[in-house]
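Peer 1: Starting from the known structure of chain L, fit chain C onto it as the hints suggest.
Protein chains in written order, with this note's numbering: chain L, 1 to 374; chain C, 1 to 249.
Treat the hints with care, since some could be wrong.
Each computed DSS-like pair below joins lysine-lysine, with the alpha-carbon atoms no more than 25 angstroms apart [unchecked claim]:
no., chain 1, residue 1, chain 2, residue 2
1, L, 284, C, 20
2, C, 19, L, 19
3, C, 113, L, 207
4, C, 89, L, 207
5, C, 20, C, 180
6, L, 19, C, 89
7, C, 19, C, 216
8, L, 222, C, 180
9, C, 20, C, 8
10, L, 284, C, 216
11, C, 8, C, 89
12, L, 124, L, 150
13, L, 19, C, 114
14, C, 33, C, 59
15, L, 150, L, 102
16, C, 89, L, 284
17, L, 222, C, 113
Read the hints as simulated data drawn from the structure, not as lab findings.
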Amino acid sequence: MTIKTELIDSLAVAEKEFKILSRRKGVIIPLLLFPLVMMIFFGYGMGGTLKDAPFLIVNSDTGQASSSLIQEVGSYTPKYDSYPMFSVTYSKDMSQSEAESKINAGVYKGALIIPPDFSDNIAKNQSTTLTLLTDSSDITASENIINTIKQLLTTTGLLKITGLVSLNVPNIYGNLEYLDFLTPGIIALTIFFGSVMTTGAAIAEEKESGTLVRMLMTPISKRSVILGKTFYQLILELAKAVILILVAYFLVGFRINGSWLLVALVLVLFTLGGVGVGIILSAKAESMESFDQLAMLVTMPSMFLTGVFFPLSSAPVWMQCLARCVPLTYAIDAMRTIMVKGQNLNAISTDLIILTLFAIVTFTLGVHLFRREA
Amino acid sequence: MEPIIEVKNLVKTFDSRGKKITAVNDVSFTVFKGEIFGMIGPNGAGKSTTFSMLTTLTKPTSGNIKVSGLDVGKQDDRIRPIIGIVPQKLSLYPLLTARENLKFMGKLYNIPKKVMEERIDYYLRLVGLEDSADRFTEGFSGGMKQRLSVICAVMHDPQILFWDEPSTGLDPQTRQAIWKLARKFNEDGKTLIFTTHYMEEAENICDRVAVMNLGKMVALDNPEVLKETSGSLNLEQVFMHFTGEGVCN
Numbered sequence: 001m002t003i004k005t006e007l008i009d010s011l012a013v014a015e016k017e018f019k020i021l022s023r024r025k026g027v028i029i030p031l032l033l034f035p036l037v038m039m040i041f042f043g044y045g046m047g048g049t050l051k052d053a054p055f056l057i058v059n060s061d062t063g064q065a066s067s068s069l070i071q072e073v074g075s076y077t078p079k080y081d082s083y084p085m086f087s088v089t090y091s092k093d094m095s096q097s098e099a100e101s102k103i104n105a106g107v108y109k110g111a112l113i114i115p116p117d118f119s120d121n122i123a124k125n126q127s128t129t130l131t132l133l134t135d136s137s138d139i140t141a142s143e144n145i146i147n148t149i150k151q152l153l154t155t156t157g158l159l160k161i162t163g164l165v166s167l168n169v170p171n172i173y174g175n176l177e178y179l180d181f182l183t184p185g186i187i188a189l190t191i192f193f194g195s196v197m198t199t200g201a202a203i204a205e206e207k208e209s210g211t212l213v214r215m216l217m218t219p220i221s222k223r224s225v226i227l228g229k230t231f232y233q234l235i236l237e238l239a240k241a242v243i244l245i246l247v248a249y250f251l252v253g254f255r256i257n258g259s260w261l262l263v264a265l266v267l268v269l270f271t272l273g274g275v276g277v278g279i280i281l282s283a284k285a286e287s288m289e290s291f292d293q294l295a296m297l298v299t300m301p302s303m304f305l306t307g308v309f310f311p312l313s314s315a316p317v318w319m320q321c322l323a324r325c326v327p328l329t330y331a332i333d334a335m336r337t338i339m340v341k342g343q344n345l346n347a348i349s350t351d352l353i354i355l356t357l358f359a360i361v362t363f364t365l366g367v368h369l370f371r372r373e374a
Numbered sequence: 001m002e003p004i005i006e007v008k009n010l011v012k013t014f015d016s017r018g019k020k021i022t023a024v025n026d027v028s029f030t031v032f033k034g035e036i037f038g039m040i041g042p043n044g045a046g047k048s049t050t051f052s053m054l055t056t057l058t059k060p061t062s063g064n065i066k067v068s069g070l071d072v073g074k075q076d077d078r079i080r081p082i083i084g085i086v087p088q089k090l091s092l093y094p095l096l097t098a099r100e101n102l103k104f105m106g107k108l109y110n111i112p113k114k115v116m117e118e119r120i121d122y123y124l125r126l127v128g129l130e131d132s133a134d135r136f137t138e139g140f141s142g143g144m145k146q147r148l149s150v151i152c153a154v155m156h157d158p159q160i161l162f163w164d165e166p167s168t169g170l171d172p173q174t175r176q177a178i179w180k181l182a183r184k185f186n187e188d189g190k191t192l193i194f195t196t197h198y199m200e201e202a203e204n205i206c207d208r209v210a211v212m213n214l215g216k217m218v219a220l221d222n223p224e225v226l227k228e229t230s231g232s233l234n235l236e237q238v239f240m241h242f243t244g245e246g247v248c249n
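Isolated chain L, as found in the complex (with noise of 0.2 angstroms):
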């Protein structure tokens, strides 16, 4: 069996699954109809607060007046929480940009960076500038640091009294609303439903009407099988992703900032495993019925545990590190990355790297587990 005949066998497959799902309107309009109500009923109002967010403060300046605007942010504890909101980090000499480059590496959610002459204009009586950056991408998490630094400059007397001090918060990924930080991971929660369900369902379909047994007892090798299903979902699940792209440009003007192709990568390599995932599952199930069951166990502590619709950040702690157990909070994550951040490949290769295990690993175990044998 050569590559290009299990090629040209696996492109009949997959001509085959369009041709039946081009035939199942009652399939299609849902298929693309659910993702979209999420973005609606989602994307208005949803809020949350915030724990132990990592915090950087950079402080040049050794006076009375900063350190007392510091001990105020590290020790503040929102009105219904126990916790310290912030959990800082401090340091000297760090220029904006390689505060701004830590927070889009994801290791600070907020920067606070108070000048050298911070104390001594005070004591002078003159105006200084205090720069606030923040991880707009997590809009939540964003509004509420601008929020609650707002506040403690008023409570500790420095914003009001004086009326020198001003805040300089500069918009790092532009304005930004909850729709941009929800569509990134709708695309990537939509993605993994629809390969893990699509993909399973059919093969789980196919066994249960016989077809499968059929295709099997022909010379296509269960390679090719696997492979035409996969064409067909990769090329469907890239064709909704778009879709999605398209609409959020047109309802809130969302916008990509970083490159599509790394959009297309991590899809793709997502598409993958999600394929795999389906496979297991239709592997292990005997009919559509336990398969939508088994499917369900898989894929809805998906949907809520990782931060689809709030920010991680502001979830308990046991919740994070489930969730980062779960594979779609990394493409979630690679998403949010390069369509809101616009970063580029290194910011995202921890992801990358996880993805592509990911796609490995139940891929392999699903071709293994896909048996020929009725």
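Peer 2: This is chain C only, laid out in the frame that chain L set:
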């Protein structure tokens, strides 16, 4: 007579919830080229498992099978193109038309396009489906589906045709049509092997009949000879004679 399938000491055991079940227990037989070979036996006798192993779908626990001189398990890639299988389940894509179903099967066998088109037209006419060629099969009657399912299995012109329960649940007209088709394929030089519950059919059409019970092959011969040796009037009595009257669980 030239043997086309040789089965030696075939055994298949399954693990079911920790219990070992022997579905096929040391079965040996030979099928000759050009014959119509029937397998009868009560449910659970091991017919379907034997079928699965002959058609390369299930690996035997032990024993040997040679199909047209090729080793099952070692040369499956060369066996699959020369055998055709009509599965018990109809196994058609409901949202593809009759023609598309046939085309898909043809593609899986890498049949050249022109040959494929000709064959599709020929077979659709043969089974009287030419007028429904471009309809989705979900709207087909049981008989139409069965006829289409049969010609899906012969698109690649196989030497041997395996046919699992061809007439179960069909009306007499369709059954007659199916058996006519079977004879036609046989006249074209194909070897036919099928399983059935309908004794009179096995009696009328098969050159030889194998009776299976509890995983063993308990008898194999010409229907006439089987009737004589068991002192029975028809194959139904032969069947009862060899397999007992109790219902198998």
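Peer 1: Take a quick look at whether residue 284 of chain L and residue 216 of chain C sit within 25 angstroms of each other, Cα to Cα.
Peer 2: Roughly 31 angstroms separates the two Cα atoms, so the pair is violated.
Peer 1: Please work out if residue 89 of chain C and residue 207 of chain L have their alpha carbons no farther apart than 25 angstroms.
Peer 2: Between residue 89 of chain C and residue 207 of chain L the Cα gap is close to 11 angstroms, so the pair holds against 25 angstroms.
Peer 1: Within 25 angstroms, alpha carbon to alpha carbon, are residue 150 of chain L and residue 102 of chain L?
Peer 2: holds, 22 angstroms
Peer 1: Residue 19 of chain L and residue 89 of chain C: Cα distance at most 25 angstroms?
Peer 2: holds, 22 angstroms
Peer 1: Does the alpha-carbon distance linking residue 8 of chain C and residue 89 of chain C stay inside the 25 angstroms limit?
Peer 2: Violated - the C-alpha atoms of residue 89 of chain C and residue 8 of chain C are around 28 angstroms apart, more than 25 angstroms.
Peer 1: With a cut-off of 25 angstroms on the C-alpha distance, tell me whether residue 19 of chain C and residue 19 of chain L pass.
Peer 2: violated, 44 angstroms
Peer 1: Just to be careful, I want the Cα atoms of residue 284 of chain L and residue 20 of chain C compared with a cutoff of 25 angstroms; is the pair within it?
Peer 2: With Cα atoms ~21 angstroms apart, residue 284 of chain L and residue 20 of chain C stay inside 25 angstroms; holds.
Peer 1: Keeping to a limit of 25 angstroms between CA atoms, is the pair of residue 19 of chain C and residue 216 of chain C held or broken?
Peer 2: Status holds; Cα separation ~19 angstroms.
Peer 1: Run the distance test for residue 33 of chain C versus residue 59 of chain C: straight-line Cα separation, threshold 25 angstroms.
Peer 2: Holds, at roughly 24 angstroms.
Peer 1: Given the hint that residue 222 of chain L pairs with residue 113 of chain C, test it: the Cα-Cα distance must not exceed 25 angstroms.
Peer 2: holds, 23 angstroms
Peer 1: Holds or violated: residue 20 of chain C with residue 8 of chain C, Cα cutoff 25 angstroms?
Peer 2: Satisfied, since the Cα-Cα distance of roughly 22 angstroms is no more than 25 angstroms.
Peer 1: Keeping to a limit of 25 angstroms between CA atoms, is the pair of residue 89 of chain C and residue 284 of chain L held or broken?
Peer 2: This hinted pair holds, its Cα atoms lying about 21 angstroms apart.
Against the hints set out earlier in the document, violations occur for numbers 2, 3, 5, 8, 10 and 11.
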